[in-house]
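*Asks:* Protein chains in written order, with the UniProt record's numbering: chain A, 1 to 223; chain B, 1 to 237; chain C, 1 to 231; chain D, 1 to 65.
Be a bit skeptical, because a hint or two may be false.
[Unchecked claim] Simulated restraints on C-beta separations:
1) A:G24 <-> B:G104: 52 to 62 Å
2) A:G24 <-> B:P29: 56 to 66 Å
3) A:H17 <-> B:T124: 39 to 49 Å
4) A:V78 <-> C:K3: 44 to 54 Å
5) A:G24 <-> C:D169: 34 to 44 Å
6) C:R5 <-> A:D174: 29 to 39 Å
7) B:R162 <-> C:F36: 35 to 45 Å
8) C:L211 <-> B:Y106: 45 to 55 Å
9) D:R56 <-> A:E82: 40 to 50 Å
10) C:G136 <-> A:E82: 30 to 40 Å
11) C:A167 <-> A:G24: 18 to 28 Å
12) B:D135 <-> A:D18: 22 to 32 Å
Hints listed in this document are in silico derivations from the structure and should not be mistaken for laboratory results. Backbone N, C-alpha and C define an ideal beta-carbon position, used for all residues, glycine too.
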Amino acid sequence: MPPPDPGSAPPPALALHDVSKRYGRRWAVARLTYALPPGRSLLLTGHNGSGKTTLLRLIATALSPTAGRVEVLGRDAVADREAVRRDVALLSHASFLYEDLTAHQNLMVLGRLLGVDAAEDVTDGLLNRVGLSRRTDTPVRGFSAGMRKRLAIARLLMKSPALALLDEPFGELDPAGIQDMEGVIAELKAGGTTVVLATHLIEQGLTLCEERLHLQDGRAVVA
Amino acid sequence: MDKFVKWGLPALTLGLLGWGWWLGLAWAPPDREMGDVQRIMYVHVPLQWMAMLAMFINFVAAVTYLMRQSWKTDALAESAAEVGLLFGTLGMITGAIWGRPTWGVYWSWDPRLTSEAILLVAYTGYLVLRRFVEDPEKRAVWSAVVAIIGAINLPIVWFSVRWWRSLHQTQSSPKTVDPQMVLPLRVAAFGMLALMVLFLVHRYRIALAERRAEVALPEALPTDDPALRAAQSSKVA
Amino acid sequence: MRKTRPLSLLKTTLVLIRKDLLIEWRTRARLNALVFFAMATLLLFSFALGPDTKLLERNAGGYLWLAILFASVLSLGESFRVETENACLDGVRLAPADARAIFLSKALGNALLLLALGVVLVPVMVALYGVRIVTGFGDLASILVLGSLALSAPGTVYAAISSHARARDVLLPLLLFPLVIPALLSAAKGTTLVLQGDPMQQLGSWQGLLLGFNLIYWGVGFVLFPRVIED
Amino acid sequence: MIALTSLTSVSSLMVLAQASSVGSGRLVGGWGYVGACYGITVAAFVLYSVSLWARRPRAASDSKE
Numbered sequence: 001m002p003p004p005d006p007g008s009a010p011p012p013a014l015a016l017h018d019v020s021k022r023y024g025r026r027w028a029v030a031r032l033t034y035a036l037p038p039g040r041s042l043l044l045t046g047h048n049g050s051g052k053t054t055l056l057r058l059i060a061t062a063l064s065p066t067a068g069r070v071e072v073l074g075r076d077a078v079a080d081r082e083a084v085r086r087d088v089a090l091l092s093h094a095s096f097l098y099e100d101l102t103a104h105q106n107l108m109v110l111g112r113l114l115g116v117d118a119a120e121d122v123t124d125g126l127l128n129r130v131g132l133s134r135r136t137d138t139p140v141r142g143f144s145a146g147m148r149k150r151l152a153i154a155r156l157l158m159k160s161p162a163l164a165l166l167d168e169p170f171g172e173l174d175p176a177g178i179q180d181m182e183g184v185i186a187e188l189k190a191g192g193t194t195v196v197l198a199t200h201l202i203e204q205g206l207t208l209c210e211e212r213l214h215l216q217d218g219r220a221v222v223a
Numbered sequence: 001m002d003k004f005v006k007w008g009l010p011a012l013t014l015g016l017l018g019w020g021w022w023l024g025l026a027w028a029p030p031d032r033e034m035g036d037v038q039r040i041m042y043v044h045v046p047l048q049w050m051a052m053l054a055m056f057i058n059f060v061a062a063v064t065y066l067m068r069q070s071w072k073t074d075a076l077a078e079s080a081a082e083v084g085l086l087f088g089t090l091g092m093i094t095g096a097i098w099g100r101p102t103w104g105v106y107w108s109w110d111p112r113l114t115s116e117a118i119l120l121v122a123y124t125g126y127l128v129l130r131r132f133v134e135d136p137e138k139r140a141v142w143s144a145v146v147a148i149i150g151a152i153n154l155p156i157v158w159f160s161v162r163w164w165r166s167l168h169q170t171q172s173s174p175k176t177v178d179p180q181m182v183l184p185l186r187v188a189a190f191g192m193l194a195l196m197v198l199f200l201v202h203r204y205r206i207a208l209a210e211r212r213a214e215v216a217l218p219e220a221l222p223t224d225d226p227a228l229r230a231a232q233s234s235k236v237a
Numbered sequence: 001m002r003k004t005r006p007l008s009l010l011k012t013t014l015v016l017i018r019k020d021l022l023i024e025w026r027t028r029a030r031l032n033a034l035v036f037f038a039m040a041t042l043l044l045f046s047f048a049l050g051p052d053t054k055l056l057e058r059n060a061g062g063y064l065w066l067a068i069l070f071a072s073v074l075s076l077g078e079s080f081r082v083e084t085e086n087a088c089l090d091g092v093r094l095a096p097a098d099a100r101a102i103f104l105s106k107a108l109g110n111a112l113l114l115l116a117l118g119v120v121l122v123p124v125m126v127a128l129y130g131v132r133i134v135t136g137f138g139d140l141a142s143i144l145v146l147g148s149l150a151l152s153a154p155g156t157v158y159a160a161i162s163s164h165a166r167a168r169d170v171l172l173p174l175l176l177f178p179l180v181i182p183a184l185l186s187a188a189k190g191t192t193l194v195l196q197g198d199p200m201q202q203l204g205s206w207q208g209l210l211l212g213f214n215l216i217y218w219g220v221g222f223v224l225f226p227r228v229i230e231d
Numbered sequence: 001m002i003a004l005t006s007l008t009s010v011s012s013l014m015v016l017a018q019a020s021s022v023g024s025g026r027l028v029g030g031w032g033y034v035g036a037c038y039g040i041t042v043a044a045f046v047l048y049s050v051s052l053w054a055r056r057p058r059a060a061s062d063s064k065e
């Protein structure tokens, strides 16, 4: 991909060019073409197994497409993998958390990997933000599902990504947690982050996102 | 091509192997020291050569796969490993039987036999790994990595075992090469080569068919896109 | 936006090693169990062979390295089990951390662990088998360091592979054992020479073989590991 | 032609296997070892051929190559 020249309009935060991903004989994502207009956020809907998670993992470069091209901010997700990874953060079903480390240590590992300045202060601030400031020194093994979700979102915020991919962020959260999560997402958007949100809670999603893409058997369906 | 594999190759195999073994068993003179037992050479040595060749094919296919993914090289690597394992095991068994009258024991920790035994265990591991990974793509990549590492290991094993043995005594296997032994060995080796190719071709077809059953091959992108279908049907109408 | 700067390969490796050692420290009960497992292995060799002290003395080096090898299978498997639990390996590589840095950190961390295990086991071996360290501690240390490194580099690649396969507990030793035979052989021979004296100056060639093994497999692992963990 | 050669050689092989007491040279005899080697090898090849035949691809792609 040639880099976008600086004079022209900004590249879409996310562009899919005929993207397919195969697992064995099954096409989890099949010939998906889509471009997200700049400054907008995307709501992904669809039943279980419709390809939402696979699509998010493709965008996050956790998977490579079998065919087609994923572009994030104008950069190819395979050829320019390293740079795309710096811009993208994924909140996935798997929490990416080390069970044997504390909340604080988990965030510090990521902070150091990213080369975050003053990682200690940032970590404390983030733990405070997600309401875990009283449990910072408890190993994750003792956390409830909701607390893991909060810590995972703190992990995502540590990266302050240009594109945030949220896979079922409201799952396993109590009503207060859902409200907090909505606040976090609104904050991310206010800070200039593009959000791609996959959720069953279509109502919440529609208030947060301007665009919508409905998936069925890995294909886009006009909603 | 298909006809050759089906009829020509088996006939060639039987002919060459039969001729070579007849030469080896009846025509060639017995060895000066080992007598008739030496006739094992005409089956043992070609087996070893073909095992090496098959393992080499496996290595090349694995490297090729990592450079450019294709189900064909993956299938070839799998077939070569299995056929190589068969030839290698037989080579080792015949070697051990040969060792009995020559050295008085079946197993002498001769560097060649020992290295081969290690190699065979490594390739058994390779085939077991292939069984235990369900995702065909991951299986192909991982087994290619294992094949490459295993092939690199072979010379290291060879040197280390030879060193390790040389501290005790050097095992020299007497090989007085009579010109009349060369011909049967050559013919038998070509026969064995034909047989290996025959096995390889058939095993490769099986492997490729298995891959076909497991994956929609990459060339076959899904085409039943509703939008596309609609466009086509409108064109027809 | 928060200020971040990309780390060098070395820096990333150090961060990851620090994380792995922190996890080992926080789960030190597991670590203790590993040490006792290795000690029990040493002890069992002496039971299996009966009270023939001559035999034990002569083969002490081999038994030491067999104990380390068995323990290494457990520790290698464990070091990747930690990473697969919540898909942490995905989290690390998407952070992003260079896959080669992940290899280096895992392999170095495991080598460090095996080295520590070796240091603990040597006095146990001396006591159990009645051997003496003849040629000096420097030689023994070099064999321990080279041997641990030699087990952990290919071990890391294979542990990464088998951690995602079915029957991983069987698969790892099946893949690893034939591969590390040269390393095991030279480490055991080298240790035996250290314990029984080296009149014919053979120690150097075994050290050389170990060094060569290390160079090859650290190189191969460095190149191939990214293919193993990236999709 | 080739088939004919193979036929004669197979039959001569069988005859040879029976006349196993003919030995010369320093290490006398040992035809048993020779027979075992050739026998095991041929048996394994036959078994493997059978296994290949049993696993043969049955789909339509059989005729494609």
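*Asks:* Compare the structure with each hint and give your call.
*Replies:* Okay, the hints, checked on the actual structure:
1. A:G24 <-> B:G104: 52 to 62 Å: holds, 54 Å
2. A:G24 <-> B:P29: 56 to 66 Å: Check passed, 59 Å falls within 56 to 66 Å.
3. A:H17 <-> B:T124: 39 to 49 Å: Holds, since A:H17 and B:T124 (Cβ atoms, about 44 Å apart) stay within the stated range.
4. A:V78 <-> C:K3: 44 to 54 Å: violated, 28 Å
5. A:G24 <-> C:D169: 34 to 44 Å: At 25 Å between Cβs, range violated.
6. C:R5 <-> A:D174: 29 to 39 Å: Given about 38 Å between the Cβ atoms, the range holds.
7. B:R162 <-> C:F36: 35 to 45 Å: holds, 37 Å
8. C:L211 <-> B:Y106: 45 to 55 Å: The hinted range 45 to 55 Å is violated for C:L211 and B:Y106, with Cβ atoms some 35 Å apart.
9. D:R56 <-> A:E82: 40 to 50 Å: For A:E82 against D:R56, whose Cβ atoms are near 47 Å apart, the range 40 to 50 Å holds.
10. C:G136 <-> A:E82: 30 to 40 Å: The hint (30 to 40 Å, Cβ to Cβ) is violated, given that C:G136 and A:E82 are roughly 47 Å apart.
11. C:A167 <-> A:G24: 18 to 28 Å: Holds, since C:A167 and A:G24 (Cβ atoms, about 20 Å apart) stay within the stated range.
12. B:D135 <-> A:D18: 22 to 32 Å: Taking Cβ atoms as reference, B:D135 and A:D18 lie about 23 Å apart, which means the hint holds.
Checked against the numbered hints listed earlier, the structure breaks hints 4, 5, 8, 10; every other hint is satisfied.
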